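In case you want the letters, here they are:
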Amino acid sequence: MAALNPPASGFATRLGALWRFTTLNRKVSVGIIVIAFFVLMATVGPLLVRQDPTAFTEDLLQPPSPAHWLGTTQNGQDVFAQVVDGARDSVALGFIVGILTTAISVVVGVVSGYFGGVIDELFSLVTNVFLVLPTLPLAILLAAFLPYKGPLTLGIVIGVTGWSWGARVLRSQTLSMRGRDFVEAAQARGESSFRIVFFEILPNETALVAAELLGTVIYCILAEAGLEFLGLGNLSSVSWGTMFFFSQNSDALLLGAWWWFLPPGICIAVLGAALALVNFGIDEIANPRLRTERGQKPSLLKRALGIPAAPQLQEETA
Amino acid sequence: MAAETTQPGVPVQPTGDTLVDIRNLKVHFPIKGGLLGRAVAAVKAVDGVDLQVKRGEVLGLVGESGCGKSTLGRAVLQLIKPTAGEVYFNGEELTRLSTGALRQRRANMQMIFQDPFSSLDPRYTVGRVVAEPLENFNRGDRTERLNRVKELLQVVGLNPNYVNRYPHEFSGGQRQRIGIARALALNPQFIVADEPISALDVSIQAQVLNLLLDLQNQFNLTYLFIAHNLAAIKHISNRVAVMYLGHIVEIGAAEEVYNNPQHPYTIALLSASPLADPDLERQRKRIILVGDVPSPVNPPAGCPFNPRCWRAQAICREVAPPLEAKRPGHLAACHFPGPEGQ
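Heads up: the sequence lines are chains A and B, in that order. If you're matching positions, the first sequence starts at 949 in the working numbering and goes up one per residue. If you're matching positions, the second sequence starts at 22 in the working numbering and goes up one per residue.
Looking at chain B on its own, in the form it has when it is part of the complex (with noise of 0.2 Å):
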């Protein structure tokens, strides 16, 4: 897969275990106004994101409505031109590879998407939507393509002889199967999971994540997995990012991310999702963040997350954190890192 023919002019790098190597990427809406229509402000989704994908593994991403998480996956894709930044996927620029070239490069990495109800075509039958990637990179002729589709929609757990039926006729978890199977259609590497279990019922939420574990086992697939469902993404994930205001505030192991979180915005979102032990409920601590989350238009100077830290101090203000490690393989951006509670 990593033979196809490069794009002369395109930066391409030995990868070892990293299959995408993001880098300064930053996504910025214009806002227009003014009689002319021109920018006068913009919507800073991604702001100088910097992240490592490892070859199988499920990296997890969370982070609250609109702090850009979705906007980061969709731009790791090229389905939104990145302002600014680098995206290597295989050792491969993304960002400079031409329309056409991007086009073939899409084979390898698909994206499934948050609501199962829009994400499948409502005049197309579920063969011809599974269908339809193969038939976009003209795999296989008709029969061919058919017994693909018949064996994917076993893979993810759904009747083969369901090819006929349109998606209305399926309930929100098989349509997300099937939406699934549609992704895995091409055997790609990497995967974009944009909360993929977030539109579900709850009954639900845990087959289709056991789903997607069993598949990435399967498949050696590699996720981004995106999620603001905390319990969900340390069920799936292997290692976690924590995303505020388009910044990567946090990022570890997910066990260490849970268990020691260093980023006090880590510490106030894992405050905020419930324990199932009752007795451990009612004793923890829970940290109500006061304010809201700043307008991405116009971002604090210094840390962002410096309005609503009660550790924020003089520096929060005025110095941006690096992101850098504070315990092995443990990263935060925060000038005053550490447990609650020390």
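So here's chain A without its partners, still in its complex pose (with noise of 0.2 Å):
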């Protein structure tokens, strides 16, 4: 297939193989797409809602209407500007301290593997602590004692409880990788550790690092709002968690304002869903064998319109 395409520049191909990922199934679609409402929500949506997030106004707890599309608090405040603006917390928080968390245990887990020994033994030890203690209980001692409360305090409390069940994960993985041939094959033709780690070990090893980065930016996003619906995040900003902890405050539930808490929820149960979803793609997008499956059925709208499957590209002959 490659033979017949003219070999393309580096960005272009980069630029290519990301479209591919995107179009690969209606999965991932999705997933990408929700992803993205969402970051362009947290990004340029806080410039486009007229109304400020805390600000009082006269119109206490009403339901949604046209002025106050998803309703207002109990102090007035609109709950659509709280949503909007609460996504820039969230989600910036859940993708950073979800990468810096995939960062240290693909560090941990992939060194300790590798080079064994004494290194292994003290990440492994380290890890294995970190494996045991309980990690909520842990952040809302830790959120609860920590002089200062806003979201480098979140971003650290969930870094520290979150990157140990990954780091583990990547040593076994690593472990494995370590003995296979071809790990062997680039010692044997003096490749250094550096360059064997990130260019044989940890490329093959991309599925799970994606799967990880995925799962713990869910938990962040999941970790940080029940925090600060703990009360235990800063409370003079505005985020889902927050939400969370004024509508419980204010007896939400009880008075049947369900516009106030049901949209941050709805918020992070469609963001984690969309996080699964791509997750999913990764997989097939890592494992070569499924990339050159592609391409064979025709799309959903491809089929809607009847239009056939591209043939298959033959064999080119010697």
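What the hints contain is simulated information worked out from the structure, not anything from laboratory work. Treat the numbers as computed from the prediction; the structure is a model and nothing was measured. There may be inaccurate statements among the hints.
[To be verified] Just the calculated beta-carbon pair ranges, DEER-fashion:
1) Phe1063/A / Gln239/B: 36 to 42 Å
2) Asn1076/A / His189/B: 33 to 39 Å
3) Ala122/B / Gly1064/A: 22 to 28 Å
Ideal Cβ placement from N, Cα and C applies to all residues, glycine included.
Both chains come to you apart, so use the hints to assemble them.
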């Protein structure tokens, strides 16, 4: 197949790969669209919303109406403005902390798995300690006792308690990779340890790393919302978690003010589902075996229009 | 190639026609036990091997599973650190080289692996797999490397247009050819082939074997060819070394060892391999060895083969026989050498 296409430049290849991944299958497409929606909402959303999310108004606890699309809170704040503004904190924290946490687990897991010996013993000990620590109580304790309350504190708490599981998984996978012949072949041709770890072993663990990244992002968003729900975040900021906290404090459930706590809850659930959908596609892209199976099934649109699938390319002959 | 800077403190010797000189090489794997994880015993995988590989020859190394032949091959390339002993490559002692210096020498000695399914990184295209050694040693620019890769694929009998394919798109024999192309990429002098054909279909084995022989003639390569297939070894080797329980028990020219085996183990090994001629096959006497290979953790005293040897006498249980010439250019480690039935 590739022989038919002229070699493209590096950037174009990357872009093409990204596009192919996006259109890999419906799950991934839907997941990416939803994530892109939330990212857009977090970045440009606050600029488009007229109301100040923290401003008090006369309309107390109003159900959704044209003036307040998602109703108002006990203090008359606009819920829609809060959801849009809160996305920034939740999504940004989720992704940034998720990436950093995954980076920690990748380094710890791969290094201890590949090098073994004393390094492994040490890293494994630390990993095991963090594995058996009950993360949520620890996170609550840390968040309660750290003097400064804000996204940084939450990020540190979630990062400290969230990396160990991934490190353990990656260590096991690296141990199995290290024994493969192609790693030994790399040693035999004199590759440096750095190159072996990051160019031979790690690419073979892409699926795991990506799955862990997405899982950690979901965990971070949930943990942040959970800690803030318990009042352990910065209550003067607007985020999905603090919305839960205030709605709970004001007995929104008893008052039947579903429009107050449902939107942030749905946002978290939908974002989590989107991340999980993308995760399904990653295995496909990371496994070259599955990659060549593409393009044989006509897309939904083409099927609807009655366009047959592209004929399979013939093997080029010698 | 030999004029690379030498490392101070590492002995260098004039080599003559010897490319690889292995002296009293030992590889022991510790068995950890007890509360503190101290080494309580050792698996003596390779236990004092002396072996010379001459320039341009194919030295076949045979022996049954677990006798240490793969470990020996890996220890020669320093993929496993030997416990004791020396390996001279081009007259330079490898075991005492620093990691960096050893890395430079690796361009000259390569390995072909047994399992073509696990020896190629599944995420790399064939082009990258073969170009990897070139990249690693900074040979040439992108286009030069691509041309070299295509040339190498042609040399091993693959279509050079396959560079963008992934290993899983190839059959076992084709994958082994890719592995061979990768080993040849840096123009090495010495290649350790660790059972390169045992994972292949019988119909493909001969093709790969002949390819290896052609390449040897074409590029003046030296092979240490490890196998347990006696017929393959006979076909490809100039000299044959027989290994048993971490020791070389017999070594000599291939024809000589096959026609005039001296060590009882070699005799038993040859008698276990079938002959193509059915008449001869029916007539020949088969020697069935009794017992199992002793544990390399606790090898028997004296000759390692004595518990299973039908010629064993008292001396065999006490004195390990040295590897010495029994016939011109034909060495065996046995107190009672000679072909059967004399």
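Quiz item: Which hints, by number, does the structure contradict?
Solution: As far as the earlier hints go, not one is violated by this structure.
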